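A.B. asks: Each chain is listed here by its residues.
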Amino acid sequence: MDAPAPGAGAPSGGFGRLSFGFLAVSVLSGTLLVPFYTPAAAWESLEKIQSGLAWGFFLRAVHAYASFGVLVATAAHAVQVLAARTERQLPAGVWWRSVLLLPVTVAALLGGFVLRGDAEAVAALAIWRRILESLPLAGAEIARLFLGSVPGDLGAVALHHAGTLTLLLWLFTAEHAGRFIPDARGAVLAALVSLALAGTVPLPLGAPPAAAPAHLLGPWSLLGLQGALGYLAPAAGWLLPLAFVLLLGLVRHAEGRVRRALLATLAASCAAYAFFTVRVLLSSRV
Amino acid sequence: MFRTFAFVAALCAALLGLLTAWSREARRERAIGRGADRAGGRVERCVTCHAKASEDPGGAHARLALGCASCHLGNPLAFSKERAHEGLEREPGALATVRETCGREGCHAREAARVASSPMARASGIVSVDRFAFGEIPSPDGSETMTDVLRAANPTAAQSHLRRLCAGCHLGTRRVSRDDAIHGNGSGCSACHVERRLPGAPPRAHPPVDSRVGDDRCLGCHNRSLRIALSYEGLAEIEPFQAKGPDAACAAPVALVALHDGRPACRVSPDVHREAGMACIDCHLHTDLMGDGTARAHKEEQVEVTCEVCHGPARQSGERACSSFSRWTLVRKLDGAVLPVKQTPRDANHARKGHERLSCSSCHAAWVPTCDTCHTSFDPGKRQWDFAAGKETAGAWVERSEGFSWAPPLLGVRGDGRIVPATPGMILDMDASAAGGGKTARRLLSPVEPHTTGRKARTCESCHRAPPAPEFEGGTRTGFRGLNAAERRRVAEARLDRR
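Protein chains in written order, with my numbering: chain A, 1482 to 1767; chain B, 6 to 504.
If we strip away everything but chain A, and leave its shape as in the complex, we get (with noise of 0.2 Å):
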């Protein structure tokens, strides 16, 4: 993205171009989706999705894949930056909007859980609004605003995961590039390797939503949060994510051992977030 240039000169390798191309496939796939889903009927909509519909399980594969293709690519282009120390290449305001993609990837994966409807997306659903009701001042109005008020309705999740979210993924990864569409390596390959995930490992569907398993995991991505949330009080569920989106922010600005710093912190973090991944993963087979 920042190099064009294809080989060993380019400065983030091609994980940036992956993660474009991840993007256009999920959303071109998610598109597909679109006439099949009933926010009312999020439950009854998966089912009729993954069973009823020709292909339906497939298309909601690809669609799962090359989102969560969005997130891993972009994490690794970050790591790549960071080691090859390219963050200065971009101007301020464009580094501060391409470090926020990576906790709207983190949103728009959690609406897209969320929207399946079943026992976990109902648990996910739940945490995810008390995190929200415990931000400062308008908590509870800014909840609403996301998830909606409607108890069964994921109406306005369904417009965030679709609308809002993928469009700011759009705008920051666009912008961030140089480019309003992937080029056609990157794009090819992230369908290509969708494809291949979807068909060979099949996407499974949860527990209906009035189950009650006896463990409920949220979005993979988020297993570390929800491990950590088991100790810290729900404003940790924003606090953490901010204060890492900061730290990753201030890099570009860092020299020296403040940068090392920073990197050295945004390690550790990572590490712990792995160890409660980890161990939320363990308890869930016990």
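Just so you know, the hints here were simulated from the structure itself, not pulled from any lab data. Since we're looking at a predicted model, the values are computed, not measured. There could be a bad hint or two in this list.
Said to hold, decoys possible - Partner residues are not named here, just some residues of chain A that face chain B (Cβ under 8 Å, in silico):
{"id": "1", "residue": "W1524"}
{"id": "2", "residue": "V1674"}
{"id": "3", "residue": "L1678"}
{"id": "4", "residue": "A1716"}
{"id": "5", "residue": "W1719"}
{"id": "6", "residue": "L1720"}
Said to hold, decoys possible - Straight-line alpha carbon distances no greater than 25 Å define the calculated DSS-like cross-link-like pairs of lysine-lysine that follow:
{"id": "7", "chain 1": "A", "residue 1": "K1529", "chain 2": "B", "residue 2": "K86"}
{"id": "8", "chain 1": "B", "residue 1": "K347", "chain 2": "B", "residue 2": "K387"}
{"id": "9", "chain 1": "A", "residue 1": "K1529", "chain 2": "B", "residue 2": "K57"}
Every residue, glycine too, gets a C-beta built ideally from N, C-alpha and C.
We have chain A; now place chain B onto it with these hints.
C.D. replies: Just chain B now, kept in the frame of chain A:
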């Protein structure tokens, strides 16, 4: 990343993915049902596969009105069998899930809540009498329920006995955990409201579900212990060795018959109400059977309709009088037939001095099954079904008797002074030493409502010249006792007067 190798590898993986997805799509296409996918105005994909007429319970629970998931749970939105059957309740009405099935809001929530207090769900009478007979508790009026017994971590000898021999009739015991005594009955609501499946009968895909509870469903459980349902039909069970030979129990004109599970029985006189075509539910109201929300220690405390309620006259304060009405009729619940209800005549037979305390059945109960000698022991070397574990476990309670019979009931004096039929049903020798208990010899007299009512009352001689009853202990119930010395003297005097 963008080298040719990466593209070729990704292309191959994508092709493999597409082929795999193609196969899954073909399987999905074959698996989904082709029938209608709505029932009761809702999406109900169960009926896309379960479309046969024989799979419809009909009536108020018709498949197209309620669908399947209303009673059977599961996932009615699923397209595949596996997902549709996740969380399936094969036995709707089972007490463990009754609040989600029959007892869900909008259906029978009130009744389901009441059933929890019913004697058939609690079985506290059976539990406390059994534990009393084992000498484990001082009174036969405990509040311990069969559910408590099934949950006991370290069961006592009596609890072990209950778990292996008695818990099968508990409404909370699932069909899969039923034994030979109660073939075909479900549990919870289904025990009464779903048609029984007898052994060997061709399986029907879905039995009818209704409130017209026939006697065969009652008989499914009430054919052991006091064998009330058998007695009502005029059937007296005997031991197999009593069926043949010169001393056969069923000598002509009494016929030998086989019960539904093969046990031999003699066909003697049925209850007069049975002869009139009345079913159990004609007398035993829903409050009797499903409880009224109040937990009672013994089942007789739950009975609402007594003889006097229909036949009058009121003999004691608090009982409803019927005799002031000129004509009473009864509408049979199963077929709607109208029967006249005769009122007790105010003649000399019913106003005999000194007999004011007699209950109707003291004179009108023709017979009661007797099992004078019951030997119960625990054999640790055998295996037996344990209803708590839901499987066979080591150890077995073995019952032996020296034969069953039937005879006019004895009479006893209840705590309130009323004279009622009784049976020497527990002359038993118990050896629970191998199960952690002790050896017990009991001579217990139990009050009973025999359900063998006859038009003609028993004769004076059958009471006043009967052989002396064996010496019984204080009775199986608080408030029930044998005759004391003064009462025996009065009976003897009455006998002398009659002579």
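A.B. asks: State for each hint whether it applies.
C.D. replies: Structure-based check of each hint:
1. W1524: holds, 7 Å
2. V1674: holds, 6 Å
3. L1678: holds, 7 Å
4. A1716: violated, 36 Å
5. W1719: Constraint on W1719 (chain A) not satisfied, violated at 34 Å.
6. L1720: Hint violated; L1720 (chain A) Cβ to chain B Cβ min 36 Å, cut 8 Å.
7. A:K1529 x B:K86: Distance ~14 Å between K1529 (chain A) and K86 (chain B) Cα, so the pair holds.
8. B:K347 x B:K387: violated, 54 Å
9. A:K1529 x B:K57: Roughly 24 Å separates the two Cα atoms, so the pair holds.
The earlier numbered hints that this structure contradicts are 4, 5, 6, 8.
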